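Trainee: If you want the building blocks of each chain, they are given just below.
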Amino acid sequence: MNLVATAVLFLSLAGAMATLYAMDHERWNSAAQESLYLRSPKVLRRLSLGYTGLLADIYWTRAVQYFGEQHHANSGDFRLLAPLLEVTTELDPKLLPAYQFGANFLAPKPPSGAGLPGAALELMLYGVAHNPDQWRLYYNLGFLYYIEFKDYAKAAEAFRQGAALPVTNEFMPILAARMAQHAGEFDTARMLWMTTYQSIKEPRIRENAVEHLLALQVDEEVTQLEHVVAKYREQFGRLPGSMSDLEHAGFIRGMPADPKGHPYQLMADGRIEVADPKDLYFITKGLPPGTAPPQPPIEPPATTDSK
Amino acid sequence: MNSRVGYVAFNTFREAVRDRVLYNLIAFVLLLSGAAILVGEVSIDIERLVVVNLGLTAVSLFGVVIAILIGIGLVSKEIDKRTLYTVLSRPVRRWEFVVGKFFGLTGTLVVNTFFMALGVLLALLYVAHKFEKMDAWVLVALYFIVLQFLIVCALALFFSSFSTPLMSAVFTFALFVIGSLSDDLRGFARITHGTAGGLATAIAYLVPNFSALNVINQVAHGDAVPGRLILYNTIYGLLYSAMAISGAVLIFQRRDLK
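Going down the list, the sequences are from chains A and B.
Here the first sequence is numbered in this note's numbering, starting from 1 and rising by one per residue.
Here the second sequence is numbered in this note's numbering, starting from 1 and rising by one per residue.
In case anyone wonders, no lab produced these hints; they're calculated from the structure.
Careful: at least some of the hints might be erroneous.
Said to hold, decoys possible - Computed list of lysine-lysine pairs in BS3-like fashion (alpha-carbon distance at most 25 angstroms, straight line): (1) B:Lys77 with A:Lys201; (2) A:Lys231 with A:Lys109; (3) A:Lys94 with B:Lys77; (4) B:Lys130 with A:Lys94; (5) A:Lys278 with A:Lys154; (6) A:Lys201 with B:Lys130; (7) A:Lys109 with A:Lys154; (8) A:Lys278 with A:Lys260; (9) A:Lys231 with A:Lys154; (10) A:Lys94 with A:Lys201; (11) A:Lys260 with A:Lys285; (12) A:Lys150 with A:Lys260.
What the hints assert, rightly or not - Looking from chain B toward chain A, a few residues come up when the C-beta cut is under 10 angstroms (computed): (13) Val42; (14) Asp45; (15) Thr57; (16) Val65; (17) Leu69; (18) His193; (19) Thr195; (20) Thr201; (21) Val207; (22) Phe210; (23) Asn233; (24) Thr234.
Fair warning: this is a prediction, and the values are worked out from it, not measured in the lab.
Beta carbons: idealized from backbone N, C-alpha and C, even for Gly.
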């Protein structure tokens, strides 16, 4: 009898686990099953019996997992992201990561983000209104205005407000001034990504900032090299045949290489290309004609269930 | 303290800590505090927040369950075990029995909270690697949670002085839910006029105010708790518990135990 009971126990356990696995697999393939049953923060606030902080953490984790899953599945369907972030921030208006990273999920165009800059702006404005003493939120707001909306005046105003706070970042007043002048696109972008790198501890975001900084370096160097090639052509009436021609003519010193150490390639038509475009994410220059800026590989989310 | 009250309190404490259910509940809270570390890892940038929010919420909710479970057995358990008659046949007054019970149960709750809080603080130390100045506010939140347990335990004792254990648990839990929404209740009372407004105001002030005792989210963000709130909550918690215990004494004095 004991043997039978033991066998039934293990078989049932294995069967239950297999069934669960099958259910998870079904859910994974069907994004349509994702749903948000309670969308009203007021109702959720009451149901939480005052334990709103924990509920906000749960909703924020759901938002992260949801974004990760949709991003990984490359579905392009992020319709629950904005409501999840809205519920999260209304339950806990002080949950800063939800604004900082949430706007980063919402604003960029797919596949990097949800392509909802309007929703990202709404989220950031709500965050700033409820946390007026947090320079990071003004920084994120200015970043959003600059990158997504190209609204220099509003970006400058956001950076200026952040710079005026008692606790702020040294780059904030400089960013405000640069935005006001529309000056030095590369330097401004570099400063923005540097501030992101310095002010955020999350490794994935820091890696992303480093990749953007490297891409900016490549874009700037390719622009400068192409400018040098144009000067050479002006002076000698022909295109240089190789980088050595530029070096011998005294336009450059040594063989210029990209941040990964690969020498830049001088093409027959005078363009500059990187040796391995797949190695440098987000670059917009130095690519073969018609090539889209390379994106980092999509990592699977930490868990498969966001419900 | 009256020596007879102390004797009842000591024996109540000794009996309560023997209850294995309590150990299971405490173990569950410790497990949840450990799980908070994992939850923080699948999210972004909220490791500390999750540990404090989940840990303190678990301490609070499971502690309330513990307070109800141990508080509802005032009379029924003693009658079942026939120990009530033995105690009351000695020179122990009924009020001494109730007050002693309350102190004994309070001691049990404080000890339970200590162990649960230890789990939360260890989890916090694990994710943050060191304690910071703002972590001191977590201790204030724990103190408020203990005050919450005092009120819940006193209410459970009050209901158990005239009702069955099951109904006492239902009444106490219902009051806990209503009391947790007391801010909304007072807001509703403010916008209601006439008799209904008066009634709503009376109810809003009569039910225990657990909203003010819940500062978990505030301390999770490292925000300070005003000293006046600590003072008011202390006074309120002690007065409300004293009120419920006095009610329990009044009813228990008149109750026919035959």
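Trainee: All hints are to be evaluated individually against the structure, with a verdict given for each.
Mentor: Hints, verified against the model:
| no. | hint | in the structure |
| --- | --- | --- |
| 1 | B:Lys77 with A:Lys201 | violated, 55 angstroms |
| 2 | A:Lys231 with A:Lys109 | violated, 37 angstroms |
| 3 | A:Lys94 with B:Lys77 | violated, 47 angstroms |
| 4 | B:Lys130 with A:Lys94 | holds, 23 angstroms |
| 5 | A:Lys278 with A:Lys154 | violated, 35 angstroms |
| 6 | A:Lys201 with B:Lys130 | holds, 17 angstroms |
| 7 | A:Lys109 with A:Lys154 | holds, 21 angstroms |
| 8 | A:Lys278 with A:Lys260 | holds, 11 angstroms |
| 9 | A:Lys231 with A:Lys154 | violated, 38 angstroms |
| 10 | A:Lys94 with A:Lys201 | holds, 18 angstroms |
| 11 | A:Lys260 with A:Lys285 | holds, 15 angstroms |
| 12 | A:Lys150 with A:Lys260 | violated, 30 angstroms |
| 13 | Val42 | holds, 4 angstroms |
| 14 | Asp45 | holds, 4 angstroms |
| 15 | Thr57 | holds, 5 angstroms |
| 16 | Val65 | violated, 13 angstroms |
| 17 | Leu69 | violated, 19 angstroms |
| 18 | His193 | violated, 23 angstroms |
| 19 | Thr195 | violated, 25 angstroms |
| 20 | Thr201 | violated, 20 angstroms |
| 21 | Val207 | violated, 13 angstroms |
| 22 | Phe210 | holds, 7 angstroms |
| 23 | Asn233 | violated, 14 angstroms |
| 24 | Thr234 | violated, 19 angstroms |
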